[in-house]
Structure formats: structure tokens, C-alpha cells
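For the record, the sequence lines run as chains A and B. Under this note's numbering, the first residue of the first sequence is numbered 194, with each subsequent residue one higher. Under this note's numbering, the first residue of the second sequence is numbered 194, with each subsequent residue one higher.
These are computed hints drawn from the structure, not numbers from a lab. One or more of the hints may lead you astray.
Since the list gives no way to pick one copy over another, a pair counts as held whenever it fits inside one copy or between any two copies.
The list that follows gives simulated cross-link-like pairs (lysine to aspartate or glutamate, EDC-like), each with its CA atoms no further than 20 Å apart [said to hold, decoys possible]: (1) Lys348 / Asp320; (2) Lys382 / Glu267; (3) Lys382 / Asp217; (4) Lys325 / Asp217; (5) Lys195 / Glu339; (6) Lys244 / Glu254.
2 protein chains.
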Amino acid sequence: MKTPIDFYFDFSSPYSYIANEWIDALAARHGRTVRRQAILLGVTFLAAELKSPVSYPIKREYSLRDFQRSARFERVPYAPPAQFPIPTQNAARVFWWLNDTQGEPAAADWARAGFRAFFTRGVMLNDVVALKALAAEAGLDADAAEQAWSDPLWKDRLKRANEEAIAAGVFGAPFFVLDGEPFWGNDRKPQIEQWLAAGPF
Amino acid sequence: MKTPIDFYFDFSSPYSYIANEWIDALAARHGRTVRRQAILLGVTFLAAELKSPVSYPIKREYSLRDFQRSARFERVPYAPPAQFPIPTQNAARVFWWLNDTQGEPAAADWARAGFRAFFTRGVMLNDVVALKALAAEAGLDADAAEQAWSDPLWKDRLKRANEEAIAAGVFGAPFFVLDGEPFWGNDRKPQIEQWLAAGPF
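Model the full assembly from the supplied sequences, consistent with the hints where possible.
This is how it looks when you write it as C-alpha cells:
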């Protein structure tokens with residue numbers, strides 16, 4: 194029985210967006226499923242005493258360039274959002290609401306819709322009006338989605354996801370755990386591919 | 194006329210060591226040469242307000258594991274040094290002394306010898322006795338090497354290299370500049386390969 198790949202992401206992370214576009218096909222080729230874990234990078238950064246790469250001016254300049262180049266390398270459409278990074282707790286709560294009430298495929302569809310909206314069309318996921326419109330566009334009950342992101346139940350669910358991620362050693366995103374082995378970054382794709390194809394190395 | 198690949202490294206950087214093992218063959222396959230630039234990561238970190246990944250406890254644990262896994266992935270021998278990171282200014286000054294008085298191949302040989310000694314046999318490059326013995330083992334005039342690392346001329350040469358690296362936007366290592374395009378990290382190898390094989394993307 195092959196275990197699923199845990200995939201931790203923040204809706205505001207460009208490298209998570211890119212990885213979100215290749216992880217399912219890669220997993221499927223090797224008989225694996227993906228178990229997505231929406232988290233807030235800010236919370237894991239705080240726990241690990243880290244900051245976003247774009248909070249350091251010199252690293253920021255390189256990172257903004259590398260986001261775009263890495264997207265082109267993976268042939269993923271990418272348009273730098275005007276505002277970045279943004280708080281993504283509402284989008285993440287909708288993810289957990291869908292995951293726990295409708296199942297992983299519905300949550301994965303929402304992850305895809307949210308990432309693509311923010312990183313290709315500049316839809317501001319932190320704007321409740323824009324987020325509600327996106328929920329409707331994604332085929333969700335927009336009022337129910339809004340209720341979910343305001344509900345203490347789903348706020349707590351996201352908090353728990355953050356705590357579990359921190360306990361699992363997650364300090365950045367995308368972060369993968371595959372057969373207990375941690376892989377941090379979109380750029381660990383070649384190592385993940387080799388692990389899936391030929392086992393531990 | 195194809196331009197050389199600038200390769201910035203610190204003798205104490207595991208990812209630089211790994212990259213040092215693949216960069217020449219990759220460059221040669223595409224008709225390029227490598228222009229090595231020994232620098233001190235501590236100086237570029239300071240300029241960019243960054244710290245080593247191993248200075249953050251949670252990231253450190255992952256990084257130590259990833260160093261070894263990334264070495265295995267590239268089929269490069271790797272034995273975690275007992276003390277890490279270490280100050281590497283003496284080894285870097287010997288590099289520049291060789292580079293400027295004997296030419297790039299001699300400096301590249303020293304880079305290879307220094308990296309392999311530290312990362313496969315735990316030879317402490319910050320220990321002047323061990324470094325002098327390594328210089329002799331590498332076929333250098335060990336007394337001349339010792340004089341070089343104590344000489345203000347080569348101290349200044351390394352300072353200039355650090356300053357030029359910072360001016361070029363270098364904030365970590367390994368760092369590559371290829372046709373003016375910056376690539377940070379051993380894990381940018383696939384992108385560098387594609388750039389070399391098919392041009393800018």
C-alpha cells in the first residue's frame with residue numbers, strides 16, 4: 194500500500210503554486226495520491242524564527258525574478274500579483290471546509306482555482322468580495338463559503354493544520370513529506386521524482 | 194563567443210561543494226568555461242541581512258539532512274564535517290593567490306582539493322596546520338601558501354572578490370551568473386542545464 198504524499202502549501206506562495214501544477218500528475222504516474230495541507234506560512238515562519246525571502250531587499254529582487262523563471266521552466270502561466278505576499282487565511286479556511294465536508298478532490302479543485310486566480314489573474318484572495326466572487330466562479334455556494342471562513346470551526350481547523358505542520362517539521366512551502374522523508378521547495382521535484390521512481394536514495 | 198559561467202562559492206558551503214563537482218562537466222558539454230569566485234558567505238550574508246540556514250534550529254535539522262541527500266542525489270561522496278560551518282578565509286586567499294599567479298586551472302584544482310578534504314575527510318580548513326598539510330598534499334609550495342594567506346595583498350584580493358560579488362547581487366552560495374542571468378543554489382542545476390542547452394527561457 195503506497196502512502197499519499199503530504200503537500201503543505203500557502204495560497205500566497207509562488208513556488209507552492211508552481212508545485213501545485215505538477216504534483217498530481219507526478220504522484221499519479223507512480224501510483225500515489227496527494228494529501229493537500231493548506232497552511233499559513235507566516236505561522237510556520239514565526240515558529241521557525243524565519244521570514245519570507247521577499248522581506249530581505251536583495252534576496253527579494255532575485256526571488257521575484259526566480260518565481261517567474263521557475264514558472265516558465267515548468268511551463269506554468271504566471272503573472273506577478275500587484276500585491277504580494279497577501280494574508281490567505283480565508284482561502285485556507287474554505288479549503289479545510291471543503292476538505293472535511295466534501296472530500297479531498299473538492300478541496301484540491303479549490304486550491305487550484307485559488308492559486309490560478311491569484312497568480313495568473315491577480316485576483317486578491319485577501320479581498321472578501323473578490324474571494325466570494327471566486328468561490329461562485331469555482332462552482333461553490335458563495336454564501337456558504339463566506340460563512341465557512343467566518344466560522345470558528347474552520348478557523349480552528351486551520352489553526353490545527355498549522356500546528357500539525359509545525360509538529361511535522363514544516364518551516365516553508367511548498368513542503369512535501371513522502372514516506373516520512375521531508376522535501377522543501379518546488380526545486381526538490383527531481384529528488385521527489387527519483388524517490389517515487391526508484392525508492393529511497 | 195560564449196561567455197564563461199561565473200561560479201561564486203564558499204569553501205564551507207555544502208551545496209557549493211556539490212555544485213563544484215558537476216559544474217565543469219556541464220559547462221564543457223556546452224562549450225563554456227567556469228570562472229570560479231571564492232568568497233566568504235558571511236560577508237555576503239551580512240550585506241544582504243541574511244544568516245546561514247543552519248543558524249535557525251528547525252531549518253538546520255532539515256538542511257543537514259538535505260545536504261547529505263542532495264550529495265547522494267548527485268552521486269557525490271559526502272561525510273558531514275564535525276565542525277560546521279567554519280571560517281574559510283585562508284583557503285579562499287590561497288585560491289586567489291593561485292588564480293592570479295598561476296591561472297584558473299590551478300585555482301580550480303585547489304578549490305576541488307579544499308572542498309573534498311573538508312566534505313569527505315573532515316580536514317578542517319580553518320586549522321592552519323591542517324591547511325598547510327593540505328596545500329603540500331595538493332602539490333603546492335606549502336610555505337608559499339601560508340605566506341599567501343597572511344599577505345595583505347591576498348587578503349585585499351579576497352575582500353575585493355566579496356565586494357564584487359555583493360555588487361553582482363550575490364547573497365548566497367553556490368551562485369552562478371550565466372549570460373548575465375543569476376542562478377542561486379545547487380538546485381538550479383536543471384534550469385542552468387536548460388539555459389545552456391536551449392538558451393534563455
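Results of checking the hints against the structure:
Taking the shortest alpha-carbon separations for Lys348 and Asp320, only the intra-copy value of 17 Å comes in at or below 20 Å, while the best inter-copy value is 54 Å. When the C-alpha separation of Lys382 and Glu267 is checked against a cutoff of 20 Å, the pair qualifies both within a copy, at 11 Å, and between copies, at 14 Å. In this assembly of identical chains, the alpha carbons of Lys382 and Asp217 lie at most 20 Å apart only when taken from the same copy (12 Å versus 23 Å across copies). Within a single copy, Lys325 and Asp217 get their C-alpha atoms no closer than 26 Å, and across copies no closer than 53 Å, so neither meets the 20 Å cut-off.
Within a single copy, Lys195 and Glu339 get their C-alpha atoms no closer than 36 Å, and across copies no closer than 56 Å, so neither meets the 20 Å cut-off. For a Cα distance limit of 20 Å, the shortest separation of Lys244 from Glu254 qualifies both inside one copy, at 15 Å, and across copies, at 17 Å.
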